[in-house]
Amino acid sequence: MVKEPLSQITLREKSMPDKIYYEKNKSRVKENALRWEKENPEKRREIVKRYKRTLKGMILERYKEMRCRVEGKRPRGKHRYEGLSICSKSDFLNWSMSNLKLISIYCTWVISNYQRKLSPSVDRINPARGYDLNNIQWITLSENSSKGGKARHGL
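Under my numbering, residues 1 to 155 are what the sequence shown spells out, in order.
Some hints could be false.
[Claimed, not checked] Derived lysine-lysine pairs resembling DSBU-like cross-links, with alpha carbons at most 35 Å apart:
#1 K24 <-> K52
#2 K56 <-> K101
#3 K43 <-> K78
#4 K26 <-> K64
#5 K117 <-> K43
#6 K101 <-> K89
#7 K49 <-> K38
#8 K147 <-> K64
#9 K78 <-> K24
#10 K24 <-> K101
#11 K49 <-> K30
#12 K89 <-> K56
#13 K30 <-> K73
#14 K38 <-> K78
#15 K26 <-> K49
#16 K38 <-> K24
#17 K49 <-> K78
#18 K117 <-> K52
#19 K56 <-> K43
#20 K56 <-> K30
#21 K26 <-> K78
#22 K73 <-> K49
#23 K52 <-> K19
#24 K38 <-> K117
#25 K89 <-> K43
#26 K64 <-> K38
#27 K117 <-> K89
#28 K89 <-> K78
#29 K43 <-> K26
#30 K19 <-> K78
#31 K101 <-> K26
FYI, nobody ran anything at the bench for these hints, they're computed from the structure.
Take the sequences, apply the hints, and build the full model.
This is the structure:
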């Protein structure tokens with residue numbers, strides 16, 4: 001198979017909507033995207049980092065972390081999370097996008113130039129229960145860390 005130069009990848013009929021183009025050229029688009037990622041690892045890392053700092057990107061990253069915990073993919077604290085319930089990704093995203101406390105925490109985090117201690121964190125109100133919408137709240141990482149420390153030391 002002849003590889004197109006990267007400059008040719010983005011050229012296509014201007015009248016064809018992106019979705020139709022993608023459906024007609026799915027394998028070619030994926031192959032070119034993978035090739036670009038391999039050839040530009042630094043740019044890819046920067047793009048991913050910027051996306052994870054958007055509101056939606058941050059929310060979906062937190063959901064991925066929650067899912068990994070309950071599926072037992074994170075060895076640290078596995079005994080505390082594995083097998084717990086978790087809400088659906090779409091429910092979590094919709095709930096989070098309309099959560100005023102999250103919006104406030106997120107804005108503070110952005111203004112602080114993304115200080116880790118001010119980053120939004122999902123807190124389970126009752127640690128014995130899972131990540132159900134009626135058992136989670138958004139707080140800062142600093143607040144969540146101190147809350148966890150107090151619980152472990154019986155304070």
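* Asked: Against the structure shown, which of the earlier numbered hints fail to hold, in ascending order?
  -> Violated hints: 9, 10, 21, 30 and 31; rest satisfied.
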